[in-house]
Each structure stands twice: as C-alpha cells, then as structure tokens.
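With the hints as your guide, set chain W onto chain V.
There are 2 protein chains.
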Amino acid sequence: MEALRDAACAARGSMMMMMLVWILLNAAAGLSAEERGMVEELGTEKEAEESHRQDSVNLLTFISLLTLTILTIWLFKHRRVRFLHETGLAMIYGLLVGVILRYGIPAASYHNKTPPSCSLKEGPSSTLLLNVSGKFFEYTLKGEINFKEIHNVEQNDMLRKVTFDPEVFFNILLPPIIFHAGYSLKKRHFFRNLGSIITYAFLGTAISCFFIGNLMYGVVKLMRAVGQLTDKFYYTDCLFFGAIISATDPVTVLAIFNELHADGDLYALLFGESVMNDAVAIVLSSSIMAYQPAGANTHMFDASAFFKSVGIFLGIFSGSFVMGAATGVVTALVTKFTKLHCFPLLETALFFLMSWSTFLLAEACGFTGVVAVLFCGITQAHYTYNNLSEESTKRTKQLFEVLHFLAENFIFSYMGLALFTFQKHVFSPIFIAGAFMAIFLGRALNIYPLSFLLNLGRRDKIRGNFQHMMMFAGLRGAMAFALAIRDTATYARQMMFTTTLLIVFFTVWVFGGGTTPMLSWLHIRVGVDPDQDVQPSGDSFQVLQGDGPQEDGQSKTKQESAWLFRLWYTFDHNYLKPILTHSGPPLTSTLPSYCGPLASCLTSPRAYENQEQLRDPDNDFVHNDADLTFTFGDTSITANGASASRTDAAGGPGWSANGKRSGSTSEEALERELDSREQELLSRGTRLVFPMEEHV
Amino acid sequence: MEALRDAACAARGSMMMMMLVWILLNAAAGLSAEERGMVEELGTEKEAEESHRQDSVNLLTFISLLTLTILTIWLFKHRRVRFLHETGLAMIYGLLVGVILRYGIPAASYHNKTPPSCSLKEGPSSTLLLNVSGKFFEYTLKGEINFKEIHNVEQNDMLRKVTFDPEVFFNILLPPIIFHAGYSLKKRHFFRNLGSIITYAFLGTAISCFFIGNLMYGVVKLMRAVGQLTDKFYYTDCLFFGAIISATDPVTVLAIFNELHADGDLYALLFGESVMNDAVAIVLSSSIMAYQPAGANTHMFDASAFFKSVGIFLGIFSGSFVMGAATGVVTALVTKFTKLHCFPLLETALFFLMSWSTFLLAEACGFTGVVAVLFCGITQAHYTYNNLSEESTKRTKQLFEVLHFLAENFIFSYMGLALFTFQKHVFSPIFIAGAFMAIFLGRALNIYPLSFLLNLGRRDKIRGNFQHMMMFAGLRGAMAFALAIRDTATYARQMMFTTTLLIVFFTVWVFGGGTTPMLSWLHIRVGVDPDQDVQPSGDSFQVLQGDGPQEDGQSKTKQESAWLFRLWYTFDHNYLKPILTHSGPPLTSTLPSYCGPLASCLTSPRAYENQEQLRDPDNDFVHNDADLTFTFGDTSITANGASASRTDAAGGPGWSANGKRSGSTSEEALERELDSREQELLSRGTRLVFPMEEHV
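Top to bottom, those sequences are chains V and W. Going by the UniProt record's numbering, the first sequence wraps up at 696, each residue one higher than the last. Going by the UniProt record's numbering, the second sequence wraps up at 696, each residue one higher than the last.
You may find that some hints are simply not true.
Any copy, or any two copies together, can satisfy a pair, since identical chains are not distinguished.
Said to hold, decoys possible - Derived DSSO-like pairs (lysine-lysine); straight-line CA-CA distance at most 27 Å: (1) K232 / K221; (2) K394 / K135; (3) K187 / K461; (4) K424 / K77; (5) K232 / K308; (6) K135 / K424; (7) K394 / K232; (8) K221 / K397; (9) K339 / K424; (10) K77 / K339; (11) K424 / K232; (12) K424 / K221; (13) K339 / K221; (14) K339 / K394; (15) K232 / K135; (16) K77 / K397; (17) K187 / K397; (18) K77 / K135; (19) K424 / K187; (20) K397 / K232; (21) K221 / K394.
No wet-lab data here; the hints were simulated from the structure. Just so you know, these numbers come straight off a predicted model, no measurement behind them.
Okay, chain V solo, but in the shape it has when bound:
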C-alpha cells in the first residue's frame, strides 16, 4: 500500500521532471529565437552570453535526465524490478529527450542564413585572421563541412549544440569509469583467473576483431554489388569497426550479478575480460588507424605495415601499462613515506590527483590514458589502498563510485539522445543486419574455442553454463560508443556509428534485461557470499561435481600454473608489498644481507611491529544493495548441489583440509609460506625470472 503510494508519487515526480525538461528546451529555443534578432546589433558579446545560456540549458537538460534516471532507479530498486537496468533506463530517457529536441521544437524559429565565407588558396590552418575594415578577428578551425550542409549551419545549431565534443567522452567521462573498474576488481578472484582473463581479452578480442572485420568486408562487397554503397568503405574501415565493436561492457549484467551475488569466478571472468578488452579495443583501434596511411592508396594488406601496426599495438599497450603501474607505485611510496594519513583530506586529494595525472601523463607521452588509468587503478587497489587511512580508503572509494556512476549514466543517456540528435546518421539495413550477425558469431568464436583451450589447462573448468553466460553477456556499451563517436568524418565512419548505436541499444535492453531469466535458465548459482566463497577453492567444488578423474589428468598443468602464481605471489609478498606498503615481512629479513642499509631504510617501522597480514581490500568491497534476496527458489535444487557445497564450506572445516592439498588460493599460499622458509630460498634462487612475472 505504502509502496504503491511511493510509486505513484515518484511517477508524478518523473512526469513533472519530464515537463520541466520540455519547458526548459522550449524556453531555450524561444529565447534564442527572440534574442537572435538583437545579436547582429549588439555584436559578439551578446552572442557569447546567449551561447553561454544555451550551454547551461543543454547541461541542465542532461542533469535533469540524470536526476530523472536516479529517481526511477530508486523506484526500480525499491520495487525490485530487474528487467531494465539503470543504463537501459538512462538510454530511454535520452531517447525521449532526443525525440523532443528533434521533432518537438519548431525549427521555424531559426532563419536560414549562410554564414559569410571567404576563399584562400592555402590549406586550412588552425588559426585564421579576419580583417573587417582594419579590425582583426581571430578564428579557430572547427572542422571540414560538407558543401550541401553549408546552408543549414545555423538551422542545425540547436541540435549541434547538444552534441558534445567526442573528446569529452575520452578525457572526462571514460577515465573515472575505467579507474573505478580497476580499483574495484575483486582481486582474489581476478588473480586466480588471470590467465583466462588475459586469453579472452587479448586473443579473444583479436579473433573477434578480425572475424568481424572480414565478415563486414564481405557485407560491404555485397552492398556494393547491390548498389547500396554510396561512398568509399575500405578494408581497414571494416577492421576498425571490428575493433570498436569488440569492446564488451557487461555493466548491466554485472550490476545484476552483484545484486544477486552470483558466482564469484564467473563475475571475475566477465568483469576482468570486459575491463581488459576495453583497453585492448582502444589500442587495437588506434593501431588499425596507424595502419591506414601506410598503405598509400591501396588499403590492401601490406606485411610491413601490418607488423608496424602490431608493433604500435605492443608499444602503446606496454607503455600505457608501465605508466599506469609506475604512477601507482609512486603514489604508494608517497603515501607510505609521508605521514599523510593524519590528514585524510590531503590524502584523498593526493590520491585523486595522482590517479588523474596518470591519465594525463600517458596522453602527453602519446600512450593511451584510459589504459594507463586502468592499470593505475589496479596498482592503487593492490598497494596504495593499504597505506591510506581508514577514512581515506572509504573516501576514495566513494568518490570514485559517485564519479563512475554519474559518468556512466551520462554516457548512456547521451547515447539515447544521439540517436535522434546526431546529424549524420547513415542507416544501412544490410550493414546493420550483417553487423548483428557478425558480433554474435564473433563472440561465439571468442568464447567457445578459447574456453575449450583454457579448460585443457584449467583446474576448475569453465563449465558449459558459464560459457553460455559469457556468450550472452557480450553487451556493447560506453567504450564502443566512445570509440565510434570519436571520428565521424567519413561516410564509412558514420555508418559504423549508427550501427554501433543500434547494437548498443539492442544488447543493453535485450541481453541486459534477460540476465536474470538467463541465470536461472543456465542454473548458475546465486546468493554466494563473496567472503565465504573464499574458503572452498575452485577444485573442492569441482570434486563435488564428480569431476575427480579429470582432475588427476591435469595435475601437471595445475602444478605449473600454481608455480607461476606462487612465484608472483612470493615476490609480491616478500619484496613489493614491504617496499610499497606498511605490511608484509620486514625487508631486512627477506632481502640478502648486503642490502641491509637499503632494506632498513625502505622498511616501514610498522612492518617490524605488526607482522600481521595485510588487511585485504576484498573484504571492504562495498555492496551497493543490502537486499540479498534469492529470487530463484529452484536454484538450490537444480544447480548440481552448488548451494549445498556452499553451506558445507561455510560450516565445516573439512573442506579446507581438502583444499590445502591444491594450494592455489592466496590465503593458503600465505600460510604455507609463513610456515616454511625453504620456499623463500627457492624463490630467491629464481629471482632473475621475476621481471617478466612482475608485469602479469
């Protein structure tokens, strides 16, 4: 009853907000029409003021949209609606406002006036001077413009105003999203599945990119054959499309996973993959762009240009990685060696600035800021986080949470808006149909073969239902959109942009909305407490599934991966953590004796005092929702006893005895390592191998 009243109130509020948006937009249109008459007389000052007012109205429109989205999200959460996620919602509101902008506001209020033009023989320079009877005015280049569009430059002004500079997405909106992703990676699950995540993200994205690129090239040829193509569309354009559309963004899926507390490993696989393949897609697309000019006019395959592109890919990726990790390390050192934790405000500000400077530093050096920020986030979460004061850890987490939330919803509502307000859409039914087919096939070629290969080497198999869920979770989102809108100058790019937009809409609404039924249909366990999930390591669960014989066959591979993991873990625990944080064993005990003075200088006094374990950030992981309700009563029965295993694991210590043998979770590794000194000697012997390992 009360809930109904709330809902009614909220609905009324939403209506009022929509009306407000409408009134604002109309007012803006009216104002500009009215004041436009005076502009010519009062000159540029008045015009600047008007432009500023218009900007305010535009931003206000977006903010109203976001406010509306937030209120509706609340309503949905309140009523436990899961068929539509907040991002989908933001898109719908964006669409509505886009329709209003496009069709609702009378275009007659603008006069059709062609701006003055002048001719020059030289190519366009960034700055142009205009001499009006002795007075000089400075103009900046905005971009090339089609001849046929010249006459509606002014007419389209309103719609164009709403169009943001695409670089805003890359430089302002994406960094907090990606940083937050890196910062909130559930590290234990992430590191446990690191090999698989990297395989999916690198190899899988590459497969998907080249498959989609080639298939689309076929589609483009078909279009040319049936006369549907009106302008150039090169092979590299197709590959570029493959790169941008291969960046998955299962934000909707993951939000539901988080809410339902779905399986931690699956979550880690999906989240890790999507975060990493965003990075891969950015670098891949810029490598393909770099390939383009090399081939002169042919746009055909050229081996040297190809290897150059591969080189660029590796260079940019590793450069960005190193830059991100380095800033993270510097922040860790600064927060360790200053006593900044007495002043949480300073600490938070420093943390924020250092994270941002990673982005800028990478961009200034010609690397990719977004990728650097991702690795900075991971490094910060792993080291710096432990040096921050209790209050700052909360502050930074919440700060980035809010920024992430706002940025994400902004991008999605902008996407909705862009469908109607973007000026240069090229809808091509054949291309769109081809692209939809291509992304599904590309995703399948990524997930199934790679899962098969990975399962050969994995102790805990990626089961069929996990694979289907990963296939299903191949949504496209913010990154694909941002990459597509970055350059919409040519016909090919415009067609790609339109298609990308439609793919994002479709996948977010249909796949995003279908996540909950799909989870139920695939019998994936939900209601897993992430803290308790730690105890039953992957294989103890496997055993319960009756996969025992298979496990024995994999013992060698298992040993190998465990050895790799242990190497990294030991190095990190013995050297990196003591250097960069206040925890871990004192360096004086782990470093050889001739490093004595250095070791004692680097070791924190606290390391001697409390040899206690690092407090693990995973435990602090903030869950947005407190409603841990199990909607699927059938899961406990159908999921092969998964729920039973969970209960047992939480209750009885028997499993940990079993799990001890396998030695793969970090807790156990830590225990073992603290128990025996031999292992440390072993790792000391192989220290030369570490520099490679360090970057994994």
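For chain W alone, kept in the frame of chain V given last:
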C-alpha cells in the same frame, strides 16, 4: 629526529617534483618544435593531436603543482608551520612555474609566422566558412586581436595555451568553493549574527565599492595629469574595480581560525561576511557593467541608468536567491518523500546533481549561478542534510570538501602562474599604490562605522579587538581574481587585473601570514570548543566582561532582535522543517485543523514516532585537524577571563539558568516552545508577517 628525516625526504620529493614539472614543460616545448615541421604536411589531424598533447601537458603541470602543494601542506601541518597557508604556498609554486614558462623555455623553437588572413566587409560573425579549392572549412570566432599582436600569434601560443578560459573559473572552479562555503556555514553562529553579517556584506561592500571607485577615479585623473595613462579609463571602470576588489576572501585567516578554534562569533562574522560579499560583489559588478552602455558615450552619472542598475542588482540578487533556495527546497522534498536513503550512492548523486542544476538553472535564466549555489548550499545544509542517510551526509560533505580543496588550490596556483604568463599586464605604479591605499581605507570605512552602528543595536557588542581583526582579515582572493580575469579586453581592465593580482598576493602573504601573531596581539581567545561554546550564550559572556549596565540600556533593542529571531525560528520549526524534513512537530498539530488532509499528507510518519529534536548539523561539523594545541599560553590570562567562562559553562549548569532569561539560542527557544503551547498560538496569530521573514 624522525620529523627531520621526514622533512628531508619531503624536501627531496618536492625537488624531484619540481624537476619533473621542468622536464615536462621542456619536453612539451621540444616536442612541439620538433613536430611543428610536419604539421603543414599531415594537416589538421596531426595538429589536433599535438594540441591535445599540449593540453595534457598543461593540465599535468597544474596537477603536479597541486600535488607539490599538498605534499608541502602536509609538511607544514606536520611541523605546525602557520606563517604560510596552503593558498599562499600554491601561489608561490605557481609563480615559480610561471617564471620557468616565461624565461626558462627557449622561445626560438617557434617560428614567427603570421597566420593566413582574409578580408570581409561585414562585421564578425560567430561562424566563418573558408573555401579552399572547393573544400569548405568551418571556423569559430575566438576574439578580437590587436594589430601589433598578429605577428606573434604563433609565438605566444605556448603561453596562451596555459591561459584558461576565464569562464572556467566561474563555471567550474567557483561553484564548488561557494557551495561548500554555504554548506559548511556554522549555522547557529551564522543565524545569531545574521543581521550584522548582512549589514557588513551589503552596506559595507557598497560603501567599500563606491569609496574605492571614487578614490580610484581621482587616481586615474592624477595619472592622466602626469601623462601616465595611455588609453581610456572611465568612471564606470573605476566603480567596476571597486566592486571586484571589495570581495574579501579570508580563506587563509579562517583556516587558521579553524585550526586554533578561535572565537565562534568572530568566525561567523568573518566567514558570513566574506561569503555574502562574494555574492554581492558578483552582482554589483554585473550591475555596473549593465550601467555602462546606457550612458551612450558620456560615461557620466545618469540618474535613470543608476536606478536601472540598482534594479538589476536587486533583481539578479533576489532571483538568484529564490532560485537557490527553491532548488534546495525541491531536493529536500525529493529526499524526504522518496526512500532514497536506502541507497546512499543514489542519494549522493542526486544531491550533487541538484546542487549543480541550481547553478545551471540560474545561469540559464540570466541570474548569477554562483550566488544561487550559495543559497542552495545554505538551504541544503538546513533542510536536505537532515533527510540524508548517515552515510550520505558524510559522503556529500567529503565530496564537496575535496572539490573545494582542489578548486581553491587550483585557483591560487593559477594566480601565481598568471603573474608571469598573462600576456597583457599593465603595471602602473601610481594606480597600484592608489589601489592599495583605497582598499585599506575602504575596508576601514566598512568595518569601523558599521560596527559602531551595529553595536548600538547588538546585545553582545562587536568589541574593538574583533573589529581590528575584521579589518586585518580583509584579504582578497579567488573571487576578486575570477572577476578581474573575466574580461581583460580593454586597457583599463588589464590594468585592473594586474593590480588585483598584486593585491591578492600581498594580502594573502602578509595578512594571511600575520594572522597568528595578530590573534595573539589582539588577545582574541583561541581553543574554543565549538560544541561547548553553544552553552554560554553571548550575553552570559558579556556579563562576565562587566558590561552589565550597558546591557540594561539595550533591553528594548535586544527584545526586538530576539522577537525577530523567534518569529523566524518558530515558523521554521513549526512549518518549514516538518514540511521539508522528517523532524519537527507533526504538521497536523501545528497547522489549523482545516488543513488536516494536506498536513497529514506532508507530515513524515517519522515525525509522529519520534518527536526528538533535529540532529543538529553543527555537531557533525568536521574539523580538518585534530591538533587542538593552544599555542598562546597568555590568552587565558589576558582575554578578560574568557577561558574561565568557557570552563565554567562546560562544567556548571548555573549559566544555563542565567541564559534562560535571555532566550536567544535556538536550544533554549526550542525548549521553551516545547514546554508552553501559548507561544505557538501567538505565532499563529502573526502568520501573515512571515512571508517577509522567510527569506532572511
């Protein structure tokens, strides 16, 4: 010993950061020189990339500066250095980088090339088309340019790049600063001194503005007489200078007050005045701008234009006020009637967006966003704050704290930078000397006469030492700078900008640094616990000072002000708080019976359940520093027993019995009002008077 080591480490770190900044800047210069050769060939794409890289380097420079500032602030706080505040520090670092940019980077790397120009007969339009052999390019107007500057458009590119769009200060950096100020006003002290604050802020700023304006007009006439003036400088320009330089910003002083826990009333007077006079100065300066065109060519006094300006002032100010308060009220209603407090993230995001939309809404309607944001902050703190969940109250406070901190330090380091990198400085010794004299005299004419008048009506006098401290605390800061840089097109404005910059430097360094000695010299009590300070109301303290006879003489005035305060308080407590928050008495008991259905609809269910008092946000006021050290041992002796009174008040209940008679603090009013019903009936009888009161 350890502190020394820390200091040494931090100093080394600072050196390294400075070197990094230097390297970055040189690298940027080198890069651009190197790549500039290729620009012509590869066209605009390459140029855009270069420009993006340059932007990144610039931002990175600022971020490095801020990082450096934070580290040095830490060092200063750590070592309890108080002669230089963080803002002064930020300016110094800015100055250093400015010097490097100006003199350190070889200008030879740029070629002196005049950009292409073309001629038109019409006036400049915002958009210009360029026809280069059939291809059309769109250009946007950047601004007018001096003929003599044409040849170094490219040469100055580096320095100009560092120059931010002045609107950035108004639209991005000032709003969080001002909002935070409003949001963190210590409300009890603020409301207690509201009358005085408004008098200083409105009347005082107007006096100061007109005095400075007229004095400067004399100075300008003198300059013309001695031939020091090379261009036009009107009377309205002088008034404009008076307006921008009248905005005080005692950020340094207040930070020290906060740290030393100086007297709460003095803090409220200074803080309230500076916050409000920022708002007054903005509106005043735009009113003066509006006056300018009305007088055609004469620029002399014109009664109708003057009254028009006064009308504009009142219109803009009240419009901004209403807009800010309205958004605050809407947010309060939304947070009250939705159960958003279950989802702190949504709540914080909503709060942030609503506060921001105040700014945009006001700008879109032609009012002043900064002023609206101030009143929005005050309203939010008074109502919305109480509806937020425990976590959100913390989150929002911290979020705005960080934003405020970053924005403020950014502005101050930019000021340092601007001294050397701004291109159009006009240093005029006579004008500067005149301005310095004018601001001191203007401040004196503001504080002393108004204090005398206010003391006639005040129960607790503003004593001489408070007046001297207020005089001393007349620093100029962010607002004066932002107003001065907003328009630097004419010669007069350039001279004003240069002078403003120097005044800011001088006042922040000298007066800011002198705050601690000054407090000691003026015997102003420090170490006041703001929570305990509540109990001894102003007059119980007065009595202790032996001002008894004087107090009797003021009993009528005292009654009046108490009556006004009580009216507002009762209205707020009985109607506004129950409508806008979950607390206060249920509306069903305060509203007349015929409003029954409305009252029960508006009253929160919680209001019936717990008639407990509003939790007062002042108690949650976050102190940045935990070091409550009393540096002034002599204060307890010299401050007329102030410390003794504090101790007594905290210990014994005798004072509250005494204080009950006066009935001016909100606690006591609340108590009384809950005790007796008659008063409520009284307030019901005078309800028609309220609409005026509501806006105070």
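Hints the structure fails to honour: 2, 4, 7, 8, 9, 13, 18, 19, 20 and 21
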